[in-house]
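Since each chain sits alone in its own frame, please combine them into the complex, following the hints.
Sequence order for the protein chains is A and B. The working numbering puts the first residue of the first sequence at 648, with every later residue one more than the last. The working numbering puts the first residue of the second sequence at 100, with every later residue one more than the last.
Certain hints may be false.
To be verified - Quick look at which bits of chain A chain B covers, simulated, 3 or more residues with Cβ under 8 Å:
1. 746-758
2. 885-895
3. 914-921
4. 977-987
5. 1159-1172
Derived by calculation from the structure, the hints in this document are not laboratory data. Just so you know, these numbers come straight off a predicted model, no measurement behind them. Heads up, the beta-carbon is just placed ideally off N, CA and C, and yes, glycines get one too.
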Amino acid sequence: MTTTPTQDAPSKTRGQRFTSAAANYIDERTSISGAVKELGRKIFPDHWSFMLGEVALYSFVVILLSGTFLTFFFQASMVEVHYEGSYAPLKGIEMSAAMASTLDISFDIRGGLLMRQVHHWAALLFVASIGLHMLRVYFTGAYRKPREINWLIGFVLFILAMAEGFTGYSLPDDLLSGNGLRIIDGMVKGIPVIGTWISYLLFGGEFPGVDIVSRLYILHIMLLPAIIIAAIGVHMLLLIINKHTQFAAPGRTNNNVVGSPIMPVFAAKAGGFFFIVFGVITLIASTFSINPVWVYGPYDPSPVSAGTQPDWYIGFADGALRLVPPGWETEWFGFTWSFNIIAPLVILGLFIAIVAFYPFIEAWVTGDKREHHIADRPRNAPTRTAIGAAGVTFYAVLWAAASSDLIATHFKLSIEGVIHSCQALLIFGPIIAFFLTKRVCIGLQKKDREIALHGYESGRIVRLPHGEYIEVHEQLDEYERWKLVNFTDYKPLMIRPNAEGKITTGQRVRASASRWFFEDRIAPVSQKEIEQSKDGHH
Amino acid sequence: MADDHGDTAGSMAAGKDVAQHSATAHDAGTAVVATDEVPNPGFPPYRPRVTDLDPKVDQQQERRVSALFFVSIIGSVLAVAAYIAFPIEPGNMESVRNNTLYLGLGITLGLLGIGIGAVHWSKSLMEGHDLVEQRHGTRGSEETRAKAIEIFTLGDKESGFGRRTLLRNTLIGALVVSPLPAIVLFRDLAPAEDPVKLLKHTFWEPGMRLTRDPSGTPIKASDLTLGSAFQVIPEGINDSEHRIEEKAKAAVLLVRLKPEDLEISEGRENWSYDGIVAYSKICTHVGCPVALYEQQTHHLLCPCHQSQFDIKREAAVIFGPAKRPLPQLPIAVDSEGYLIAQSDFTEPIGPSFWERKL
Ligand code: HEM
Ligand code: FES
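Here chain B stands alone, though its shape is the one from the complex (with noise of 0.2 Å):
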């Protein structure tokens, strides 16, 4: 094993003649092997440390080191202390810090005690000198690899693996094909349903207000201003069975515009509502919520990966990843002059799939 190369005569065994046998050569591809290097001088004489010439400063040493072992006890009984000395009050922030911060103050203190009193001891404490130890190449001596094959030939030979050839195969197979039912037990991971039908509907049913996130109260076309946005929601979906997810899909940014800022595209004219226009709020990249609205120039930006959507042109992308225009939501107002939805989305919201279009 190893041996203290200090006092060792072999120590220049370390050296390069020896270094390049080993008990097989491997092929050194396209290495230069040198046949005129510089060779190894060996290791360099050991120089003491000052624990090791003064007996006094070794002392002192093993005192620091208790020492830092001693502040680690401290440390873990503050902690306790602090445990009970600094408990949490409901409802106060200041309790809740100072349980954290004298807590654990008292346990770095714990841990950091034990730690560099350790290292301290290793490092100037310790016997310093170096080890060498051998290295041997890593496979297996030639004989162990004979052995190996031996047990292997043996097995081949005992069990017929190789020479029942239907019977190996076979197995092959059987092993192969097992697995299959643990596949289809995760069918029902999700319900029956077809993912495709859900996820080209939301909430939205024609008839329906349009209400504030969160509240749910209405909204009439009156409220808005010129240039305003409201976050909306349908009308009923907070009290949704699967609230969250209907709102993933079915939340909804509202604004209004001058009419004739407006760019509407054929079979659009009537889907806005003197310049009030409503658009899916869930980003047509992979689909965070777009809620980030600039005024002046009517663009929404998404916060994500900061698609920006135009929504004077239809919410048109004008920059970033994402490639469709968030979808809109033909409106109306019902005869009390609240908004309302005129269907749903006519395309699925949100992020790309792949049967979207199907």
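One chain only, chain A, in its complex shape (with noise of 0.2 Å):
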């Protein structure tokens, strides 16, 4: 570098002068030009639901956004104070301050109510596309070498963003978010050995007391976004090593990745898309109310209403609270074993614990050690697919029974049915999601192999001279036959006796894992088959 910026600079307009006076200025103190070099042509594949991952980060910018408009305003105290702002119904009422700066949020500061309804909506809208961006990286099993880590570090952020929905949720301190906390402050207690001890530390004292609103707003505001953030940036500088995965396509191979360049279209095409996200919660929350917490009114142990319903994304934990049978507790050795919250809290963590180590057992069965970069189509692995469609059914009858008492009313049937049919389901529901989904792949597979061979029905019925009818069949051509016939295939594992001649039982334990994985495959059509086929047509 001898040529300063100012020596070929007459060739220049202004505009450029400056831009290139700027940047050599700023590379000549961070050596920006190798970040850019490595970067700013990298390439990123393009499909609809690439984008969900997106979505999450971007309601989580305007999370950061809204959420530290309202710091200014809110003031995390359990001091009772006598309401006195504009919201006539409660006025003279005792209230914490936490609430009563909630309500002057809502009804004393322009755009107030608009922020916390943006800062509410978006959050519904980060955890809800954290959940279906997971479900799009399990589906298409992007969670294989080597990615496993950023599925680890995926699942961590799901988790946290629970968490933050919860805190959060939990500060103004109205009827709701107090009875959230009574039910959490229940279910600590419910713990063997600790829990008296974890409620009355978190607690501060008795429940409610006096400090849990600040407790949980430094979690909330300070402790839990910096470990979003932190996660997040991992998440991303994985994303950036291992690059995208893609879907096949001609051209595609487990060796290249084929899309837009980040400069300019990518980085136009997503820094648009965060506007769009950004304006579509503005718009939401604009005309939509989330939360009127006035209507509530603040927390009281006493009273409460039925059919209130905590944010979406806790539901399944409520749902499997409500699912225990009837008198399940007990004394033992003179200690109290509340298992109607034990074993919610066993089932919930171990449902969790296989979402969070599912990749490492798929890898133990395969054995396969090599990296994976074009997405699986559902359909080429079944069982996979049919193990993610059991998950979410047991989810999302955990879910629907956070509703038992809304279903009941609203379809007129008895609460002891819904509950009686929910438990029911959450045994038998992910057993016949299981099969059902693993028929429908399977069948899927054996079209595409029919329409990978034969081509498409036309819907032209001919008659051939000797008098039968036959439909003619559209032959595909080589492009679009490709994304049908490119797929990993896996067999069970053979049980082989190791070196010393011993067949072990982990051995056995991976051939029966394997066996049931893999057993009804459906292998790709192969070249010779598509040759023997054009043959059998002319």
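Below, the structure written as structure tokens:
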């Protein structure tokens, strides 16, 4: 770099001269040109489902912006005050400063209600988009090597998002948020040995105490966001290192990435998409009310109204509590064992643990140590897709159970009937979903095979010279066919003795897991089959 | 880096043959490594967009995008105008709604204009060819890995970390023990008292009057008609120092049934007064207020997880996840006819906890 920008300046306009001088200034102090060279033309493949993660990221940015605005007005204190703001029905009522300041944000600060609603809607969208993003990654097998660690980080983000949501929901100290905390308190108390003390320490004394809001506040606006931001940072870094997966398409292989470069197309698309997400959230927030705390009133441990609902992402846990059959509590050795709380906690814990470790389980079963960069079509991994469908069903039943009372009143059913149905569904639903999904996947694979070999049914019927009627099949061109034939195929593991001539238990377990996964496999169409089918058709 | 496959001769390098080779061959496990795979046909020819072919359309699209950006400017300005034009008038809900709506719509326009404009620009006017970038295995090259190992070996040799086992083990021990103070530090998150003692008592004391929630006016036995239910708090709780904490334990539901409808167990014969019974309102599941009383069946329903308690049978659980009946508050009537508590509850109220029976 011997030329300075001023030397070739005459040929440039003033704007260009300024830009290059500024770029030079920064580069000479930061070496930024290296990063631009590395990243500027990185390729991002395109598919609508790849936007789900982006929605999550952008709604988080919206949450940060709106949340910061709220912190300027919100008072995280449970000091009792008499409300003197502009909302007439609650004038003079005793409530915590947190609740009073939430009312002030809503009724005495221009745009305050808008920002509260932006914050809350963005939070709902944030958790929803993370969930859908996770499902996309799962059903396309995008968690396979080398992306297992990023799956774990994403999983942690999902849990943290729910924690952020719950702590935020508790801040206004209204009737619903207090009741939510009451349930948490009851659950914590049910944990064996340490429960009573955890609750006591958490609430700074007996429930509800005067500390919980300010404690949750520091988690909500500092600790959890800091961890989330760090986790998102690592998530993005690994995304850059691993590069994005892509769906099979002509010209795309496991060894390339095909799509748009960051500069300019992807940057414009993604940057624009951020504004769209922000805009849509603002539109929803300006037209639909959410969490109208003034309707609920301040927290009071005595009243409660029926049919109130937590934010959607807490529903599955609430449902799990509801589905415990009567009588699950006992006394052993003089201590109280609340299995009506322990059981849901353990079951949800196991469910979540399976989600977190699924990539490692599958990798162990297949023994496949290669890198995978082509996203599977769900049908081409029938057992995985079926397991996913079973998991989604399990979650969905728990989630529906959280509205058992609404379902009962809305459809005029007995609450007992709804609960019993949900209990049965919780056990049989996933099993049915598993088998159905697997059948459907295998059916679709067979159809793909058919089409790859013999083409589409064109709907055109012709009569052959000897009188037979046949439907004309439209052959695929090689580009269309590629998507149908390019996928990885596994066969069940054969048990083989190890070096000492023994068959270990681990081997046996792995072999039966492998059989369960891969025994009904449909192999991809081979070149020879295509040639043969051509010969058959002329 | 990325090269445009459209005009690079090497675009067929994207095909299968090259794809199979990577620096290190990894075990494919139980994957079927096909020998007779359909070959990758390579990229289909690029189909130009209308904007690539027709400069008029190109110009039209350019105007459209800039119009969107212009709309955005107008939206942002309108938002500022709405901030001023739609102030909040104290006590006027309509003004709050208008403020939220028009301010929000202005901001929405400001954001969507930029967003839709930028996406449209990228789709219709920016270079539309897909580009190709090669992947390289994620693991470092053999050379890099060898270097990394060398650095670790050197570090180990120069520090003696692996060799001086005493030193290493005591260091690990010290690191493990060092967070201990942090755990202890959190003890004072809660006061010094033992929570178990606190959980076993409520505000109720012998002779304390039952009063209405929230007004605190005392209740006469004659105030209760058959089938009626009262939400009750102890007298004086509203002036207590820990009003909410006390109320969270002491809230009671009072109902009157026909005395003959009550099934009374041994030892509780004089806990009720002429068919009037008082039960803790705090659910024995996880502590929601059991506030819903069904007059016909005399069932109490907890709105949180639908546990149901039968008042006729001393609030026994008849459905739902709760296990224990709601604790009963022994009541009586004082000389003026007001309902009073005979004592505190005789067992801890509310959700179960580990030391409940101790
Ligand atoms: C993933 C992250 C987050 C989620 C899911 C989330 C969610 C929520 C929710 C659901 C509420 C209740 C809002 C209501 O209806 O009143 C809330 C309140 C609040 N949040 Fe967040 N939040 C997040 C991050 C943040 C951050 C980063 C900040 C600050 C920088 C913040 C500041 C606040 C404040 C001050 C309140 C109380 C204000 C009020 O209730 O009006 N939040 N949050
Ligand atoms: S708290 Fe009453 S049923 Fe759960």
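So, going through the hints one by one against the coordinates:
no.: 1; hint: 746-758; verdict: holds (count 6)
no.: 2; hint: 885-895; verdict: holds (count 3)
no.: 3; hint: 914-921; verdict: holds (count 6)
no.: 4; hint: 977-987; verdict: holds (count 6)
no.: 5; hint: 1159-1172; verdict: holds (count 5)
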